[in-house]
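Going line by line, the protein sequences match chains A, B and C. Going by our numbering, the residue at position 150 of the first sequence is 350; the numbering climbs one at a time, nothing skipped. Going by our numbering, the residue at position 76 of the second sequence is 111; the numbering climbs one at a time, nothing skipped. Going by our numbering, the residue at position 567 of the third sequence is 568; the numbering climbs one at a time, nothing skipped.
Calculated from the structure, these hints are not laboratory results.
Pairs of lysine-lysine, BS3-like flavour, derived with a Cα cap of 25 Å:
{"no.": "1", "chain 1": "C", "residue 1": "K226", "chain 2": "B", "residue 2": "K53"}
{"no.": "2", "chain 1": "C", "residue 1": "K226", "chain 2": "B", "residue 2": "K88"}
{"no.": "3", "chain 1": "B", "residue 1": "K82", "chain 2": "C", "residue 2": "K560"}
{"no.": "4", "chain 1": "C", "residue 1": "K506", "chain 2": "C", "residue 2": "K266"}
{"no.": "5", "chain 1": "C", "residue 1": "K265", "chain 2": "C", "residue 2": "K630"}
{"no.": "6", "chain 1": "C", "residue 1": "K15", "chain 2": "C", "residue 2": "K438"}
{"no.": "7", "chain 1": "C", "residue 1": "K560", "chain 2": "C", "residue 2": "K517"}
{"no.": "8", "chain 1": "C", "residue 1": "K322", "chain 2": "C", "residue 2": "K310"}
{"no.": "9", "chain 1": "C", "residue 1": "K226", "chain 2": "B", "residue 2": "K161"}
{"no.": "10", "chain 1": "A", "residue 1": "K390", "chain 2": "B", "residue 2": "K209"}
{"no.": "11", "chain 1": "C", "residue 1": "K226", "chain 2": "B", "residue 2": "K55"}
{"no.": "12", "chain 1": "B", "residue 1": "K45", "chain 2": "A", "residue 2": "K293"}
Single-letter residue listing:
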Amino acid sequence: MWLIDSSIGRKLIMSITGVFLVLFLLFHSCMNIVVIISPEGYNAICAFLGANWYAVAGTAVLAGGFIVHILYALYLTYQNMRARGNVRYAVSKNQKVVDWSSQNMLVLGTIVFGFLALHLYNFWFKMQFVELSGIHTGGSFEPGQGAEFVKQLFSNPIYCVVYIVWLAALWFHLTHGVWSALQTVGLNNKTWLPRVKVISNIISTIVILMFMAIPVYYLIGC
Amino acid sequence: MEKNINVTLKIWRQAGPKVKGEFEIYKLDNVSTDSSFLEMLDMLNEKLIHARKEPIAFDHDCREGICGMCSLYINGHPHGLDGETTTCQLHMRRFHDGQTITIEPWRSAAFPVIKDLMVDRGAYDKIIQAGGYVSVNTGGIPDGNAIPISKLAADEAMDAASCIGCGACAAACKNGSAMLFVAAKVSQLALLPQGKIEAAARAKAMVAKMDELGFGNCTNTQACEAECPKGISISHIARLNREFLSAKFKD
Amino acid sequence: MAKKQESTTVDATKIDARIPEGPLAEKWSNYKAHQKLVNPSNKRRLDVIVVGTGLAGASAAASLAELGFNVLNFCIQDSPRRAHSIAAQGGINAAKNYQNDGDSVYRLFYDTIKGGDYRAREANVYRLAEVSNGIIDQCVAQGVPFAREYGGLLDNRSFGGAQVSRTFYAKGQTGQQLLLGAYSALSRQVGKGAVKLYSRYEMLDVVVIDGRARGIIARNLVSGKIERFFAHAVVIGTGGYGNTFFLSTNAMGSNGSAAVQIYKKGAYFANPAYAQIHPTCIPVHGESQSKLTLMSESLRNDGRIWVPKKKEDAEAIRAGKKKATDLSEDERDYYLERRYPAFGNLVPRDVASRAAKERCDAGFGVGNTGLAVYLDFSTSINRLGENTIRERYGNLFQMYEKIVDENPYNTPMMIYPAIHYTMGGIWVDYELQTSIKGLFCIGEANFSDHGANRLGASALMQGLADGYFVLPYTIQNYLADQIQVPRLSTDLPEFSEAEKAIHTKIEKIMKIQGDKSVDSIHRELGLIMWDFVGMGRNKAGLETALEKIKAVRHEFWTKVYVPGVNADMNVELEKALRLADFIEIGELMARDALMREESCGGHFREEYQTPEGEALRNDEEFSFASCWKFTGEGNEPELLKEALDYEFIHRQQRNYKA
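The following block holds chain A by itself, in its conformation from the complex:
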């Protein structure tokens, strides 16, 4: 199967799952920003995306995408380390054009993943999972009270800072990820290379700014 056997096939999978996740983030951030504009609207969205079959299916697909992206990342990294050989360079430096993030995607990805666990615990577990499973623990919220819940979480400044750090790592991951995905599927050329990078930066920045607006809003609001 060439999607597993060939390097470009593997990269295609990384690219497609990556783009899919970026699209999800875009959607997620658009949804989130509503909490600032209109808490009622946000609550409505939360209620709408409760334990419906489409939300569940969407979540499953999303989780699948994550898992594939992560597994392939690990596999690719393993192969790449092997390809590098047993002896490392004693001195190795990068030229300026080489983005720091491009060299550290796994590290950034790991940071993102680590915070993701926290995030899932903070929100998804207490909202959708609780609703799905019907197990109510203390501190869980009804989906229709999403805005309230968000406000409560971010009333803790530590959470705000933690989320901001996380989003910064995600920004670095995305700035490389977005254009890299386009390059991998071949949507690039000499003229478009700088443009694709700018587009990549714009998309990442928009997504991250929308996400970040919330903790910042509450942090300033506190």
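Once you have looked at the hints, place chains B and C on chain A.
Leaving out everything else, chains B and C in the frame of chain A:
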């Protein structure tokens, strides 16, 4: 202006492919800044020979930046810090008096060390043998002007074809990927009507060979482009990806 | 053979070039129509060794394998793609007449003969011009990205020694692109298993059985192991011997050893004295210099060569008190335009080189050594704009800047002549077969097509002509008689003896354990060659050279030090073996130059010049190719002569003035 400098050299010595290597330190005085980096190594070897020691083995041939035989990872960069320069074109005026220069061989699983700073880059030949050509025999060819080719396409093909097969791309890549090398050839031939006919088969065959030989996966870090002595653009990698993916989807 | 003898006093035509009969333009067609061929099933049973993977070697190996022969191909580099053909910059000639400027096969033939100062074989040169067009077609089909016009058709530029634009090019990297084309064709055959490739192998001897070449002995440069290889025919395409001079534009590994080995086995070495000094090289910087870098002749299309008119200015520039740009137009002497108004800066290489030497010797040289002249682009930059110049020569300018650390867009380049190419080489007949049966020699390694001087952009043409279009035909005429010969065992005594002789030689070198490095002796040889067998030669100097080379040989065999062991990678040993052969070639060159009491092309004897300082040929006595036959170690070689009969062209003094 020309002057003489003293340098300290930290050079990787390795007696053979299976032997463990290590760094050795050498001092070299009175190196003219007008001499090339390899001439500096010649001086060192001359000194070693006079001291009845074995000279350092390193690959080099044309010494004008075109044969692709020279390699060397110098102070953390393949072919040294300068852009679009091969090691043989690097001059000592780029170093300062008293500087320590670390010289290592290409390090990539697909380029095993033969001796000291010399590596085996036969893998690149094998990739070309897998499909880096247009399948025409000698003779029976239509006139050179029978098929007009746009100047833009010809120029871009020429840019890709400038590759000297030195291996700096794979050496610079943290993933040990040979994508820039493969892309340069696939792209050159895909851009020209003569090569277009076999483009799909070529892309598949060359990528398959590249993977088989143990090169890593490209993660678009651009280190290859930044270190390529011929400044070959990663846009050719995008074209390779296009060619490869469209070939696979057609299957 | 039908040869009309022109009146000449050259004694006996001892050597038969086996030129086919008929009018000049029909010789090659006639040959092909009547030669013997090998049928496809027999081709598979015939082995051919090709030594060298440059333009000639790679194109021959690929073409022979395509035909169905079983090919073994050897190169000393780590990859066939690194052969020094790759460094050719300017272009390749062909008589396409795409520019409608009056070119034709005849004109290319004529220019080449004239450029070679009437010392080449007419029939060979005509064939070269004839097949030149096919080379361009072949390369285009391989995907060689030649420069093109906006309309999509192939572009041309002009080169020295021609009044038409017939040079095809790929930026300043034409040799690279052509070689990569041939390399890709070769790689295709390697992939198919039709060619077995031996890289990092160096041929150390040819094996001759019953008067026919039947294989080679080669050293695996990685393991040091000496190995034997059989073939029904052996083809040598190992390039020229310019590195005899130590400093040359050749690659560090370029050597004349294969030529010396086959010379010692009975192949004639022809015209060794004809070496080309290229006028546009970057001047020497100092003692640690390891090689010289060529700046393409194509630069002379748009660059103007000059030195200061006044000696004071030249002295001031040498002392660093003045710069080139300080001198006004009136203070500059565009000496080529002055001396050769018709061809100006585009005179052939030998003429341009001597003119530069003449100015520098007269005290007008620039640079801190005084051994340099200016190549100035300011006129062209003003006329065409910097961008056009950048497009045409960008990579050359960049190369110059890296070496010299000066920007040639702002200040003129400094150039000086350097050894570049050797027209002489192994004697071959019309079929490219040497005087040993079954042993062929192609490309720069042979002597055939350039006479006493090679025109720019003709080396690539000749290498590929030999490899793609000539040898694949002519070798069949030989191999057709070999189909009954089985694959012989490499245990035969001839193989053992050849291998034993090599072991003895290597052991002898390793045992010397003297105190001189190989390079230091090579530098000494190079200086002797440059001083006495270089651009200007004379009797006394050449006799001195012969004495001095003898001393160098003695020094080598008593004082050289080669570290390490034989049975391992040993770069110093490789160099020592090559140097031993360079010493032999150096002596042959001096001997040949001394014998040839005339000036022609790249061979300039100071005693023989016109009052204006131009080369003065002596067609009465020297219209022959000098073929040197080895007569045993320590003995003087025997001179044989191949008379050059000009049936179709009337010889005249070369004139680039009007």
